[in-house]
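> Protein sequence lines, in the order shown, are assigned to chains A and B. Position in the first sequence (from 1) plus 1147 gives the number in the numbering used here. Residue 59 in the numbering used here sits at position 65 of the second sequence; the count goes up by one each step and never skips.
The hints are simulated quantities; they were obtained by calculation from the structure and are not laboratory data. Positions of the beta carbon are idealized from the N, C-alpha and C atoms, including for glycine. Be aware that a few hints might be false.
Taking CB as the label site, the calculated pair distances span [stated by the list, open to error]:
hint	chain 1	residue 1	chain 2	residue 2	range
1	B	78	A	1811	34 to 40 Å
2	B	35	A	1847	39 to 45 Å
3	A	1390	B	53	43 to 49 Å
4	A	1360	B	53	34 to 40 Å
5	A	1385	B	23	36 to 42 Å
6	A	1381	B	35	39 to 45 Å
Cross-link-like lysine to aspartate or glutamate pairs, in silico, EDC-like; alpha carbons within 20 Å at most [unchecked claim]:
hint	chain 1	residue 1	chain 2	residue 2
7	A	1825	B	2
8	A	1880	A	2002
9	A	1246	A	1901
10	B	54	A	1978
11	B	59	A	1991
12	A	1811	A	1978
13	A	1818	B	2
14	A	1182	A	1794
15	A	1924	A	1858
16	A	1474	B	5
17	A	1512	A	1492
18	A	1932	A	1978
19	A	1941	B	5
20	A	1182	A	1252
21	A	1937	A	1952
22	A	1246	A	1201
23	A	1718	B	64
24	A	1825	B	64
25	A	1937	A	1870
Partial list, derived from the structure: chain B residues whose beta carbon lies under 7 Å from chain A [unchecked claim]:
hint	residue
26	10
27	11
28	36
29	39
This is what each chain is made of:
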Amino acid sequence: MSMDYDVLVVGSGIGGMESALKLGDMGYKVLVVEKEASVGGRMILLSKVFPTLDCASCISTPKMAATIHHPNLTVLTYSEVQGIRRDAAGRFHAKVRQKARYVDEVACTGCQQCETACTVAVPDQFNADLVARRAAYIAFPQAVPKKAVIDRQGSSPCTFACPAGIEAHGYVSLIRSGEYEKAHRLVLDATPLVGTLGRACYAPCEADCTRGSLEGTLPIRRLKRFISDRHAETGADLGIDVAEPNGRRVAVVGSGPAGLTAAWQLARKGYAVRILEAAPEPGGFLRLAIPSYRLPTEVVERDIDNVRALGVEIVTNTPVRDLAALKAEGYDAVLVATGTPRSTDLGVPGEDRLGVLGGPEFLRKVKLGQPVDVAGRRVVVVGGGNVAMDAARVALRLGAASVTVAYRRGRFEMPAHHVEADDAEKEGVRFSFQVAPKEVEGDASGAVSGLRCLRMVLGEPDASGRRRPEPIPGSEFVLPCEVIIGAIGMTPDTAAFASQVGVERRGTLRADPKTLQTDVPYIFAAGDVVNGATDITRAVGEGRRAAHMIDRWLTAGTMDGFDLRLPVVDKAQVLARQQQYTLRPPTPEGVTLSAAPLDFSEVEAPLSEQEAHEAAGRCMDCGVCSGCHECVNVCPVDGCIDLNARDRESEVEVGAVVVSTGYKLFAADLKPQYGFGKYRNVITGMQMDRLLAPTRPFNTILRPGDGKVPERIAYVMCTGSRDETVDNPLCSKFCCMYSIKQNQLIMGALPLADVTVHYMDIRAAGKRYDEFYEQSKSMGANYIKGRVAKITEKEDGNLVLRYEDIESGGQLVEAEYDLVVLAVGVQPNRDAARLFVGEELAEDPYYYVAEPDEDLNPGLTSIPGVFVAGAASGAKDIVDSILHAGAAAAQAAAHLERTQAKAKVPA
Amino acid sequence: MSTTTIREIREIVREEPVMQPRILQALEAGPLTVPEIARAIGCPSDEVLLWVMGMRRYGKIREIKEPSRDGYFRYAAANWEVPA
């Protein structure tokens, strides 16, 4: 029976590469799975190797290239083995997850332009956190394959929460980088209504902002307003890509947020679009309902001008009654997005009296400058939604003697956004809760004189989840008033379409929720006319979806592919990336309210540039990649970057497994007396190796506390090894030698520097190792025998070591240094044991992969057919790792020959 | 002994894009050492070093050859030229 591969090698450090290459040379087909984006493991990150002082890169890269290009090796980088199961025949079945790179590995040229353009900075794990990398990155300069990867861990909660599909994290990230115009363009990619949403959106993004779990959410909506205002001030071009005309025409009926957004998106795809609007002004609810103190008319007009700028024709005073006629006129498709322009009737006697108005009707009159007679009168607004709040606050501004909102449920059940209700109250609107209208009372002239109401009690929750109001018998009372504004709901005006497309009982149009297609294939419907009254962002999202689906339908594409968002990242995991957070004060609210306002000037102040920049700087980059699309914009290869890519999972069958998962470095902060993580000038041996490497993160060896070239450098040996206090009694075997190597390199790079090593005993067992040690001493390195008890930091960042000097009589000494290097030991990588399902890969008492017969059969593990190579079974230097990996390869080959020969024996 | 509480690397690094314009503004008058930049923008030297090295990596600033007598390199905006 054939297998996918003869051997699976897990890990591609020096041990993994060696085993794989040896097996490949023997003719076996090998699959190498590496979790990082490049093969090479830790060795490629080192400066030089001991005792030869050969350049680690120079001797690693040929092996890395050989691994990738070997004809018998298949290498999956940026991939993980998720479970290996052994079957009854002794074969192994491994689940492999290839993590999405979001970059086409074949097409990527390794030019790094994506990395340079990226707006998200994160610690560079390949430089031991000494410097930042970008979310888009190539692991390191010698990476094999030298291909970019985008660190994209999911949708950021703000972006995921936006029904309009706006890349909220992306534009915040661009603002943080000072790229205001690019931020504006990113929002334009979703909708032309940047200024509108920057003011009138209820910002579900902010409700989900992870920073809200700390000291407060980012002002994401106001940041959008900032870039919109900034764009308007500069008069910059829209800078939006628009396709060549495709010869097709689409009619959009209605010019609210859904219609405008759909028209915008269709125009960008090359369609000739005409918007037909029944009202005298375009904009729908935005232009004809939302009051100017929340959304100035000029802002709406500015957004509508964006749509016109793409050649969309907007025709007003043109109600459409015959959708089929539009088809006959030559439109290839029709989108109905007429919203919910009609008020729901109060349904009580006397509703036709003079002085009773519908909420939308009232707001529309005011926006169009038509007379409404509320000055000096007592106004009652019936309803608890946002329209009711708008109507009440507008009535106040028009000089009403008093404004009372009458709502049949309680404050907490109000559908209005709580900010709207709070603001209304602060401006002087009164609330009368748990009252329902029973009759409009009037005088002899037919005018309103009061609203007879019933008091209500809240019963059990209804279908909406809110407690159902029930009348209290005998509780009638009259709210005296001259004007009543009914704002209990809004309904579509679709009677004219009933004979052409399906209409639901509530008057909404029937459309497929995914494709937005009605019963008539060329007629689509989107927004509130389908869903009932919702909000602007949902309408914008529907408009985007409608444009996408109309395009798919007209180009005979499949009716899918609209919502490609990645799953949202887990906020708890985002917060867990840091142990502690510096709390940064949230941006102060910008709304200034006055009691009894008398004008329609905007109540919310804009953010200054400094405020915007600092507010954006609080972003926590939840998804890591922000979705700003700068990488896509600069990539010279079309289609190379796909931010919607997904992980791929597969299962392979192999005859043997080589575990080469390496080791972990001791976490130096577990020795708090040495101050790592607390004193910046205390670093680890791995960090020093990076500072000494040709691809170093700094321009030379500098201390991280202030960039000073250090003159006195101390080494503290056996940090976290041979140390029962941290449960690691084992010697890490190569710390002495890498420290000696670093001593020599430092003295070469900084001839004036003093290097002092505080050690217990030097273990230099190996060919030319002791000579290497003696050479270091002869170069001037100072070796002091004795444990370091404690490190403290001085005001200038220098470090004082308190230690016992055994060879000088055991006296306690204090010495001052510029920089301290902790020669950290190694620890087992217990990921190896978690690879297997159904049986246990045994560990030794120190949690390394156990080799039950290590004296005579190195590389064998507790599972037949599974072998261990390199430091996964215990600390080894490079030479020993290669030798051990060769042994593991030989064991694996012997196993394969044995099992295959057995399979060939006739029964 | 220093009483300054140092922040986590991830948090500091995340702020690099925000700090870039401030650092470049500080360098408008000419090259500065890390402690000088730190004083100019009012931030700790260890944080400034992280930002400066990130900016250096991506070509926004460069070091001036040879450290000063007190052991500090000076850094300049990438497009800075020695005054004639």
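> Hint by hint, note whether the structure agrees.
Hints, one by one, checked against the model:
Taken as a hint, the range 34 to 40 Å is violated for the pair residue 78 (chain B) and residue 1811 (chain A), whose Cβ atoms sit roughly 55 Å apart. Hint check: residue 35 (chain B) to residue 1847 (chain A), Cβ distance near 23 Å, so the stated range 39 to 45 Å is violated. Taking 43 to 49 Å as the suggested C-beta distance range, the pair residue 1390 (chain A) and residue 53 (chain B) does not conform, at roughly 34 Å. The supplied range of 34 to 40 Å is met by residue 1360 (chain A) and residue 53 (chain B), whose beta-carbon atoms lie about 36 Å from each other.
For the pair residue 1385 (chain A) and residue 23 (chain B), the beta carbons lie near 37 Å from each other, so the given range of 36 to 42 Å is met. At roughly 27 Å, the beta carbons of residue 1381 (chain A) and residue 35 (chain B) sit outside the given window of 39 to 45 Å. Distance check on the hinted pair: residue 1825 (chain A) and residue 2 (chain B) sit about 10 Å apart at the alpha-carbon level, within 20 Å; holds. About 18 Å separates the Cα atoms of residue 1880 (chain A) and residue 2002 (chain A), which keeps this hinted pair within 20 Å; it holds.
Restraint check for residue 1246 (chain A) and residue 1901 (chain A): not satisfied, since their Cα atoms lie roughly 46 Å apart, outside the 20 Å limit. Proposed proximity of residue 54 (chain B) and residue 1978 (chain A) is contradicted: the alpha carbons are some 39 Å apart, above 20 Å. A distance of roughly 52 Å separates the Cα atoms of residue 59 (chain B) and residue 1991 (chain A); the hinted pair therefore is violated under the 20 Å criterion. A threshold of 20 Å between alpha carbons decides the hint, and for residue 1811 (chain A) with residue 1978 (chain A) the separation of about 10 Å falls inside it, so the pair holds.
For the proposed pair residue 1818 (chain A) and residue 2 (chain B), the alpha carbon gap of about 18 Å is at most 20 Å, so the pair holds. Between the alpha carbons of residue 1182 (chain A) and residue 1794 (chain A) the distance comes to roughly 13 Å, so the proposed pair stays at or under 20 Å and holds. As the CA atoms of residue 1924 (chain A) and residue 1858 (chain A) are separated by approximately 17 Å, the hinted pair is consistent with the 20 Å bound. For the given pair, residue 1474 (chain A) sits about 57 Å from residue 5 (chain B) by alpha-carbon distance, which is inconsistent with the 20 Å threshold.
Of the supplied pair hints, the one linking residue 1512 (chain A) and residue 1492 (chain A) holds, its CA atoms being roughly 18 Å apart against a limit of 20 Å. With a CA separation close to 36 Å, the supplied pair residue 1932 (chain A) and residue 1978 (chain A) exceeds the 20 Å bound. Between the alpha carbons of residue 1941 (chain A) and residue 5 (chain B) the distance comes to roughly 24 Å, so the proposed pair goes past 20 Å and is violated. With a CA separation close to 15 Å, the supplied pair residue 1182 (chain A) and residue 1252 (chain A) stays within the 20 Å bound.
For a cut-off of 20 Å, the pair hint linking residue 1937 (chain A) to residue 1952 (chain A) stands: about 13 Å separates their Cα positions. Between the alpha carbons of residue 1246 (chain A) and residue 1201 (chain A) the distance comes to roughly 34 Å, so the proposed pair goes past 20 Å and is violated. Of the pairs offered as hints, the one joining residue 1718 (chain A) and residue 64 (chain B) is violated, with about 46 Å between alpha carbons and a cut-off of 20 Å exceeded. At roughly 25 Å between alpha-carbon atoms, residue 1825 (chain A) and residue 64 (chain B) are farther apart than 20 Å, so this suggested pair is violated.
With a CA separation close to 15 Å, the supplied pair residue 1937 (chain A) and residue 1870 (chain A) stays within the 20 Å bound. With its C-beta approaching chain A no nearer than about 4 Å, residue 10 (chain B) sits inside the 7 Å limit, and its interface hint holds. A hinted interface residue such as residue 11 (chain B) counts as satisfied when its beta carbon comes closer than 7 Å to some beta carbon of chain A; here the least separation is about 4 Å, so the hint holds. The restraint placing residue 36 (chain B) at the interface with chain A is violated, with a minimum CB-CB distance near 13 Å, outside the 7 Å limit.
At a threshold of 7 Å, the smallest CB-CB gap from residue 39 (chain B) to chain A is about 4 Å, leaving the interface hint in force.
When each numbered hint is compared with the structure, violations occur for hints 1, 2, 3, 6, 9, 10, 11, 16, 18, 19, 22, 23, 24, 28.
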